[in-house]
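Taken in sequence, the protein lines are chains V and X. FYI, in the UniProt record's numbering the residues of the first sequence are 1 to 297. FYI, in the UniProt record's numbering the residues of the second sequence are 1 to 297.
It is worth saying that the hints were derived from the structure and are not from the lab. Worth double-checking, as some hints may not be accurate.
For identical chains, the list gives no copy identity; a pair is met inside one copy or between any two copies.
The list that follows gives simulated cross-link-like pairs (lysine to any residue, SDA-like), each with its CA atoms no further than 20 Å apart [as the list claims (entries may be wrong)]: (1) K286 to R296; (2) K173 to R14; (3) K285 to R296; (4) K54 to N180; (5) K223 to R14; (6) K177 to K187.
The primary structure of each chain is shown beneath.
There are 2 protein chains.
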Amino acid sequence: MLTIFGSTALDTIRTPTKVLKDVLGGAATFAGISASFFVKPRLIAVVGKDFPKKYHKILAERLDLKGLSIKDGKTFRYSGSYDNTLSLRTTLRTDLNVLKNFKPVVPEDYKKSKFVYLANNDPDQNTSLITEFDNVKFSMCDTIDFWISTKRASVVKMFKSVDAVVINDEEAKLLTKEFNLIKCAKKIMGWGAKYVIIKKGEHGSLLFFEDVVFTSAAFSLEKIVDPTGAGDSFAGAMMGYLASKNKTDLATIKKSVVYGNVMGSFAVEGYGPEVLLRIKKSDIKKRITQYEKMTRF
Amino acid sequence: MLTIFGSTALDTIRTPTKVLKDVLGGAATFAGISASFFVKPRLIAVVGKDFPKKYHKILAERLDLKGLSIKDGKTFRYSGSYDNTLSLRTTLRTDLNVLKNFKPVVPEDYKKSKFVYLANNDPDQNTSLITEFDNVKFSMCDTIDFWISTKRASVVKMFKSVDAVVINDEEAKLLTKEFNLIKCAKKIMGWGAKYVIIKKGEHGSLLFFEDVVFTSAAFSLEKIVDPTGAGDSFAGAMMGYLASKNKTDLATIKKSVVYGNVMGSFAVEGYGPEVLLRIKKSDIKKRITQYEKMTRF
Chain V
1 MLTIFGSTAL DTIRTPTKVL KDVLGGAATF AGISASFFVK PRLIAVVGKD FPKKYHKILA
61 ERLDLKGLSI KDGKTFRYSG SYDNTLSLRT TLRTDLNVLK NFKPVVPEDY KKSKFVYLAN
121 NDPDQNTSLI TEFDNVKFSM CDTIDFWIST KRASVVKMFK SVDAVVINDE EAKLLTKEFN
181 LIKCAKKIMG WGAKYVIIKK GEHGSLLFFE DVVFTSAAFS LEKIVDPTGA GDSFAGAMMG
241 YLASKNKTDL ATIKKSVVYG NVMGSFAVEG YGPEVLLRIK KSDIKKRITQ YEKMTRF
Chain X
1 MLTIFGSTAL DTIRTPTKVL KDVLGGAATF AGISASFFVK PRLIAVVGKD FPKKYHKILA
61 ERLDLKGLSI KDGKTFRYSG SYDNTLSLRT TLRTDLNVLK NFKPVVPEDY KKSKFVYLAN
121 NDPDQNTSLI TEFDNVKFSM CDTIDFWIST KRASVVKMFK SVDAVVINDE EAKLLTKEFN
181 LIKCAKKIMG WGAKYVIIKK GEHGSLLFFE DVVFTSAAFS LEKIVDPTGA GDSFAGAMMG
241 YLASKNKTDL ATIKKSVVYG NVMGSFAVEG YGPEVLLRIK KSDIKKRITQ YEKMTRF
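Here chain V stands alone, though its shape is the one from the complex (with noise of 0.2 Å):
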């Protein structure tokens, strides 16, 4: 089974072509819906009191809710705001609220799970959360600038925490000082993680273990309308494929890494998580044979 710690937020969020306001996001959430099409992954996220019942309708009924706190206060929210090319995000405003002194905890039931995700949460968090897991068999983390710049040690001390580290490229450039991503995974597989994924948006993403790098393409789209979200349908897709399949060996994780290029294309389709919670099964067979082809020589 898989457990998913991170954010659950409302999102406001502005696109050339639209403006979103409170919408349904945060890294657990995206991760989550993506991962739900593999297993029903566990949550440990909070919300405040005015977290739109529609919105936890959406997610009870794809994930196991047990390890989400609901606060008296107001949810966590984002704000941010894209260039015309929807390459560059700038974030407006972070409001923590009841994300502010959350404390998680690991339900009972949870601490069995074999396959853990720990989004870009504190990276104290993070190290302190997995210890509570007995059975892991596969844990992967997450990071992001703000926890790159203000608690950096804190940052590589979580690496060796866990078997597996996604990364998007220019914070994992930050964070090794680094210009070359094969110099960058190295430095962090140095830290301690086995695995390292570096996410590179539109161009795809390299996997590292041992001596072997895997190098995949992004699903290539011509319309992209909000890039929100991609990188933790990305992961979230990782695990949910391999807590589905039970294996961690290579071949497997590299099939992973296919499903989170092929989440993450879907992901991008939309404005926050529609197309995940619109598409079936099905959809995402017929995408891995078209990422097939039209990788394929």
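Since the structure of chain V is already known, use the hints to place chain X on it.
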């Protein structure tokens, strides 16, 4: 057989690790050397009387030089400087010299060439030159930002006169005024090119044909020394491979793109064309196998 029309130059390149002065360069030089691993390409180019004998010897060993004019005056000189990340190049100086009033002449026995590559020359010259070949099976051209900015209509006209356009991502965006690379390619195909290959540097390339997209990653390298000539080596490998097979079906063109990625990866590992001049066919074969391993899932 394959004919290549393009520049031969003396390059002065500043990289973070070394300054190269008056080294062998030019689009046709890289494309020609790269293609020479597959066929013996015919060159149409011009140099001045100052062109070093040792460079002439290098070209003579690999290429048919009947189409190389040696004119009174100085060889075309290019000078550029890379930033620390090796991803941004600034042109410091361009001295056209003998290239300025060069009127390319196609030697009689070149005219039967089935494969013709027109490098980033003046688009009007390319459009005119291709009409002198009477047995063309597959022609491809490149272009650069200078022509897009100064002779846009001629660039578009040139695209109608060839089978394939190879262009880098930034130039494709500049030319088509689109952000999305699929949209860029569709516009270029709309102008008359059957195949469009968009080079994305370290992120690989995209091949477009009708409604097919073939996306291929770059060969991942830890050590990049000098990116000069990578794109030209890519195009040269494509054309050399196709000419050696004498085929232009989609599967063969996909394979030629893979060879393009691999030859481009050799080019960036050393200063100027030094690695391309050092490797053997067996090194290319080995890297193709590594590339397959790196991308298969």
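Each hint, compared with the structure:
no.	hint	verdict
1	K286 to R296	both (15 Å within a copy, 19 Å between copies)
2	K173 to R14	neither (27 Å within a copy, 23 Å between copies)
3	K285 to R296	both (16 Å within a copy, 18 Å between copies)
4	K54 to N180	neither (44 Å within a copy, 34 Å between copies)
5	K223 to R14	within (17 Å within a copy, 39 Å between copies)
6	K177 to K187	within (10 Å within a copy, 39 Å between copies)
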